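Residue strings, one per chain:
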Amino acid sequence: MLSLRKLSYLLLSGTILIFFVSFYFFFNKQLHTTADVIVHDVEKDTASLVYSISKNLQQADDLYQFTSELKRLPASNPFVSAVQVFKDNKLMLTTDQRLRTQPDSRQIYIPEKMDSYDLLTQNKVLTNHLYYFSGLNKSFLTLYIYLDREAVSASIDKLFFQMIFWMLLLTIIYFILIFLIIKKMIINPAEILRQYAYYQSEIPKKMLLTDYEYIRSSMVQTFERLEKEKKALYRIARTDKLSGLPNREALHEKLDWLISVSERMDSQFALLFLDLDDFKTINDSLGHSIGDAYLKQVALVIKKITRNNDIVARIGGDEFVIILNTYKNLLDLTQIIERIQNELKKTQIIDSHPIESSCSIGVAFFPKDGKDENTLMKQADIAMYQAKKNGKNQYHFFTSALYETVQKEIKQAREIKSGIKNQEFELYYQPKVDLKSGKIIACEALIRWNHPQDGLVAPNDFIPLAEKEGLIIELGNWIIEEAVRQQMVWKEQGICDIPIAVNISARQLFYEGFTQNIKQLIKQNNFDPEKLDIEITETLFIEDTSKSLDILTELCNQGLSISLDDFGTGYSSLSYLKRFPIHTLKIDKIFIDDYQIQTDSVFLETIVTMGKNLGITVLCEGVEEKEQLKFLQSIGCDQYQGYYCSKPLSASNFAGFISAYKTEN
Amino acid sequence: MKKIHFFLLLVVFLTGCSNDYDHRLKISVNAWIGYTPIFYAYDKGWLESYNIEVLNLVSLAESMHLYDAGNSDALTGTQYEFKQLKKDHPGLTPLMLFDRSNGGDMILSNLSIDELKQTDQIIDIYLEIDSVNSELIREFLNYYKLSEHQIRYINKDQAVLAKMNYVAAQKPVLIVTYVPYNISLQKKGFKIISSTREPNVITVIDALFATQKVINQHQKQFKQLKKEVDRAIAVLKNDPQEYYKHVKYYLHDITYQEFLSSLEEIKWLNDLSAEQIKKVLPSVDIPLNGLIDAKS
Numbered sequence: 057m058l059s060l061r062k063l064s065y066l067l068l069s070g071t072i073l074i075f076f077v078s079f080y081f082f083f084n085k086q087l088h089t090t091a092d093v094i095v096h097d098v099e100k101d102t103a104s105l106v107y108s109i110s111k112n113l114q115q116a117d118d119l120y121q122f123t124s125e126l127k128r129l130p131a132s133n134p135f136v137s138a139v140q141v142f143k144d145n146k147l148m149l150t151t152d153q154r155l156r157t158q159p160d161s162r163q164i165y166i167p168e169k170m171d172s173y174d175l176l177t178q179n180k181v182l183t184n185h186l187y188y189f190s191g192l193n194k195s196f197l198t199l200y201i202y203l204d205r206e207a208v209s210a211s212i213d214k215l216f217f218q219m220i221f222w223m224l225l226l227t228i229i230y231f232i233l234i235f236l237i238i239k240k241m242i243i244n245p246a247e248i249l250r251q252y253a254y255y256q257s258e259i260p261k262k263m264l265l266t267d268y269e270y271i272r273s274s275m276v277q278t279f280e281r282l283e284k285e286k287k288a289l290y291r292i293a294r295t296d297k298l299s300g301l302p303n304r305e306a307l308h309e310k311l312d313w314l315i316s317v318s319e320r321m322d323s324q325f326a327l328l329f330l331d332l333d334d335f336k337t338i339n340d341s342l343g344h345s346i347g348d349a350y351l352k353q354v355a356l357v358i359k360k361i362t363r364n365n366d367i368v369a370r371i372g373g374d375e376f377v378i379i380l381n382t383y384k385n386l387l388d389l390t391q392i393i394e395r396i397q398n399e400l401k402k403t404q405i406i407d408s409h410p411i412e413s414s415c416s417i418g419v420a421f422f423p424k425d426g427k428d429e430n431t432l433m434k435q436a437d438i439a440m441y442q443a444k445k446n447g448k449n450q451y452h453f454f455t456s457a458l459y460e461t462v463q464k465e466i467k468q469a470r471e472i473k474s475g476i477k478n479q480e481f482e483l484y485y486q487p488k489v490d491l492k493s494g495k496i497i498a499c500e501a502l503i504r505w506n507h508p509q510d511g512l513v514a515p516n517d518f519i520p521l522a523e524k525e526g527l528i529i530e531l532g533n534w535i536i537e538e539a540v541r542q543q544m545v546w547k548e549q550g551i552c553d554i555p556i557a558v559n560i561s562a563r564q565l566f567y568e569g570f571t572q573n574i575k576q577l578i579k580q581n582n583f584d585p586e587k588l589d590i591e592i593t594e595t596l597f598i599e600d601t602s603k604s605l606d607i608l609t610e611l612c613n614q615g616l617s618i619s620l621d622d623f624g625t626g627y628s629s630l631s632y633l634k635r636f637p638i639h640t641l642k643i644d645k646i647f648i649d650d651y652q653i654q655t656d657s658v659f660l661e662t663i664v665t666m667g668k669n670l671g672i673t674v675l676c677e678g679v680e681e682k683e684q685l686k687f688l689q690s691i692g693c694d695q696y697q698g699y700y701c702s703k704p705l706s707a708s709n710f711a712g713f714i715s716a717y718k719t720e721n
Numbered sequence: 036m037k038k039i040h041f042f043l044l045l046v047v048f049l050t051g052c053s054n055d056y057d058h059r060l061k062i063s064v065n066a067w068i069g070y071t072p073i074f075y076a077y078d079k080g081w082l083e084s085y086n087i088e089v090l091n092l093v094s095l096a097e098s099m100h101l102y103d104a105g106n107s108d109a110l111t112g113t114q115y116e117f118k119q120l121k122k123d124h125p126g127l128t129p130l131m132l133f134d135r136s137n138g139g140d141m142i143l144s145n146l147s148i149d150e151l152k153q154t155d156q157i158i159d160i161y162l163e164i165d166s167v168n169s170e171l172i173r174e175f176l177n178y179y180k181l182s183e184h185q186i187r188y189i190n191k192d193q194a195v196l197a198k199m200n201y202v203a204a205q206k207p208v209l210i211v212t213y214v215p216y217n218i219s220l221q222k223k224g225f226k227i228i229s230s231t232r233e234p235n236v237i238t239v240i241d242a243l244f245a246t247q248k249v250i251n252q253h254q255k256q257f258k259q260l261k262k263e264v265d266r267a268i269a270v271l272k273n274d275p276q277e278y279y280k281h282v283k284y285y286l287h288d289i290t291y292q293e294f295l296s297s298l299e300e301i302k303w304l305n306d307l308s309a310e311q312i313k314k315v316l317p318s319v320d321i322p323l324n325g326l327i328d329a330k331s
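Those protein sequences? They're chains A and B, same order as listed.
Each residue of the first sequence is one higher than the one before, starting from 57 at the first, in the working numbering.
Each residue of the second sequence is one higher than the one before, starting from 36 at the first, in the working numbering.
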């Protein structure tokens, strides 16, 4: 097999080779012709000189009279370097004093044995004779003519260069042009077509040669048609004909991709297995065409509710699979599920037939319930059957415990929402006491929930859920507003004018507009910002250091103070104390509980000393006994908080407690 | 051989190799004691690497004619040849001074000046007619008021003049010649009756001439030539015997003693700058601003 490129190169190389061989032979011939001309020129000048001298030479010794003529030969003929005249073996005259010996017979040029070119290149010497009469005898002097090798060489070089320039160089240029034209018009287009035939990566541009252009346009048309057909086939192979949704094959591909992405991103997603309730009855009673039309309608409903990045597929009969991977939380997920169920429960009019149906949905989570497609599908299917068991239009999670937890959380989240709306939440206040003076100098606001059925609910039972479901923002705003309001009431009533501390979670602090809200609240109520203390925990520092620093600095700039709650139990780092604007350190209760153990007392002492050195006020939480109080006083702790003084009290009780405390102290 | 030649030339052509001495420089030099530094350098092979070829000629006139015919790039000569050639070659300029003739150019005769003045016979004057010889004889005839005598000019090369048999003539003869051709003539009984050693005779300067165009083309070769000429003169001054061995053939086989005597007939000028020459030889009216300085 021979490619077009190779064939072209072969033909060009062959032509160039033939040309070079021809050139060589032509050059060789020219070389000999030039040699003949040079030698003929030298012989002609020599013959003329010999004739002129022989005519006047009467005896050998008279040769001096012709010195000038003899010297003129090498001077005037560029190819002659020197002339020697010998009488037998005696040098009579030389035009080059460096040449004083007679050339030997091997140096002599013999026309019968060699050609002109050999004479020039082999450094041979031409000979001639000067005749004169010695009496009646004809005598002669031998003339040796030395050729100028350099002049001869220059002459040949000149010939060579001229030939190179006019013949070889122009021919090379011609060949280069031919080569470039062949390359541009034949080789390159052929290569482009070949590449296109193999890869179809880029459609070739229009070609100069019509023959190539016909091939190119035919290929383009064919490949375009094939591409369209391929895409159509691909679509058909992966689309459910009836609903237009992706089919089982497409679901398989998409699920594979999603699993690998989720593994990499360490994220989860929910796979919903949806089965229509009593679809068989619809088919049996209204016929398959109505059943099919209903399935189309179901697909439309699901697509309408889900988002573009959710995956919806029909995997056969009345079974659909929905994959949701961007829900915020379980509540959000259940809301989507319920929306689908609610929509499908509505009466659908198909060909003027009102159809009432519903669906059961099973939910499995990646990776908790399964790490591959088969397991996830199987678990979701099981969950769907469990939902069917529970009655029509139900959904069920594969894990029962999870299902129950989720149900409980959903219920509680709804109750928190309604609790805020119905003002079921209340703030309790616990005093902060100065250890030196014994005076109440501040208080901490603590939330309580007066649940209509469950009674008083502690924060630990609803705050984590509120955070998880995002309700903490609403709840947190209410706490701050209520604390501010209460502080101003007590101030107005002359009960006290002490700072109130509120606990702020990381989520609330990072919520966009938090600082702006605080600013607005202070401004609207003409509130003294120094009377509001923000209590944060160390977890805040781990989440987003630079953002935390910005927000806390801004709050400080507004005049608020910052307390670090539960110090010593979390990610305690001295570097944060240095970088962040912390005014008060609140030592966790566990330290004072065991202050009698040496290690804990050392810890307390160390924290107090460190706080003093850093100019930070130190408060100890959870003080319940007098001994604890005395110990704290002994190590120089600034403030305390705890049952020893008072448990958290409702606003009215706190007011009463303050009045009584003032009287007592 | 042909193939090698072909490919070598091809390689040379394609690689475009060249050097400063690619073009041969041909110099016409006639036999004169003052030009022997060129012959010495040539004979020693010092000029080969600079691609300088020396055309060894018999006479000043011949040198001039060959140059005029385009057979050489530069020529040696006196200020007389320079002025003659300048008419047809306006760019001609002296680029190297060798010597001042200090008796080296002379007029020989078989009679004394007084005898010449009194003779009634035709005086045969042998000379190279289109050289400085004619300037010398014209000055001589005017000075000794011999112009009115019957005179016959015979134009011959110095090589011929030196070998001719004058005995047969038996009549008044004047020969205008120069070193080394005077030696054989003096051996034949001719006496010097005037020479450039005498103050009343014109000053003769020997130099190398070329057109400015040629000087520009062969600048490096001329500089090297100047260096080698100076080097040859240095050898002459240090070791005249060695120098003599290489130049004797160019001076028609003169003896060592004759060679040493000939050196007395010239004064070297090669070491002098243009300014120094103007001071030493104020009467010389040739341009000196183009002289090569081998040191620059």
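Bear in mind the hints are in silico, worked out from the structure with no lab data behind them.
Given the structure is predicted, the values throughout are model-derived calculations rather than measurements.
A portion of the hints provided could be inaccurate.
Listed next, the in silico DSS-like pairs over lysine-lysine satisfying Cα-Cα at most 27 Å (straight line) [unchecked claim]: (1) A/LYS143 <-> B/LYS280; (2) A/LYS180 <-> B/LYS79; (3) B/LYS198 <-> A/LYS111; (4) B/LYS191 <-> A/LYS111; (5) B/LYS283 <-> B/LYS121; (6) B/LYS222 <-> A/LYS146; (7) B/LYS255 <-> A/LYS214; (8) A/LYS146 <-> B/LYS280; (9) B/LYS258 <-> B/LYS314; (10) B/LYS272 <-> B/LYS248; (11) A/LYS143 <-> B/LYS283; (12) A/LYS146 <-> B/LYS79; (13) A/LYS146 <-> B/LYS258; (14) B/LYS248 <-> A/LYS214.
**Prompt:** Taking only the CA atoms, is the gap from B/LYS191 to A/LYS111 under or equal to 27 Å?
**Reply:** 18 Å, holds
**Asked** Taking only the CA atoms, is the gap from A/LYS146 to B/LYS280 under or equal to 27 Å?
**Response** 20 Å, holds
**Message:** Checking one constraint from the list: CA of B/LYS258 to CA of B/LYS314, max 27 Å. Satisfied?
**Reply:** 24 Å, holds
**Message:** Hint check: A/LYS146 vs B/LYS79, CA-CA at most 27 Å. Holds or violated?
**Reply:** 24 Å, holds
**Request:** Please work out if A/LYS146 and B/LYS258 have their alpha carbons no farther apart than 27 Å.
**Result:** Not satisfied, since the Cα-Cα distance of roughly 39 Å exceeds 27 Å.
**Message:** Hinted pair, alpha-carbon criterion (27 Å max): B/LYS248, A/LYS214. Please report holds or violated.
**Reply:** 22 Å, holds
**Request:** Please work out if B/LYS222 and A/LYS146 have their alpha carbons no farther apart than 27 Å.
**Result:** The given pair, whose Cα atoms are some 25 Å apart, holds under the 27 Å limit.
**Restraint check for A/LYS143 with B/LYS283, where alpha carbons must lie at most 27 Å apart** = Given that 27 Å is the threshold and the Cα spacing comes to 21 Å, the pair holds.
**Request:** Verify the proposed pairing of B/LYS255 with A/LYS214, using a straight-line Cα cut of 27 Å.
**Result:** 23 Å, holds
**Asked** Is A/LYS143 within 27 Å of B/LYS280, Cα to Cα?
**Response** The hint holds at about 24 Å.
**Prompt:** CA of B/LYS283 to CA of B/LYS121, is that 27 Å or under?
**Reply:** 32 Å, violated
**Request:** Would you check the hint for B/LYS272 and B/LYS248, treating anything up to 27 Å between C-alpha atoms as holding?
**Result:** Judged against 27 Å, a Cα distance of about 34 Å means the pair is violated.
Hints 5, 10, 13, counting from the list given before, are not met by this structure.
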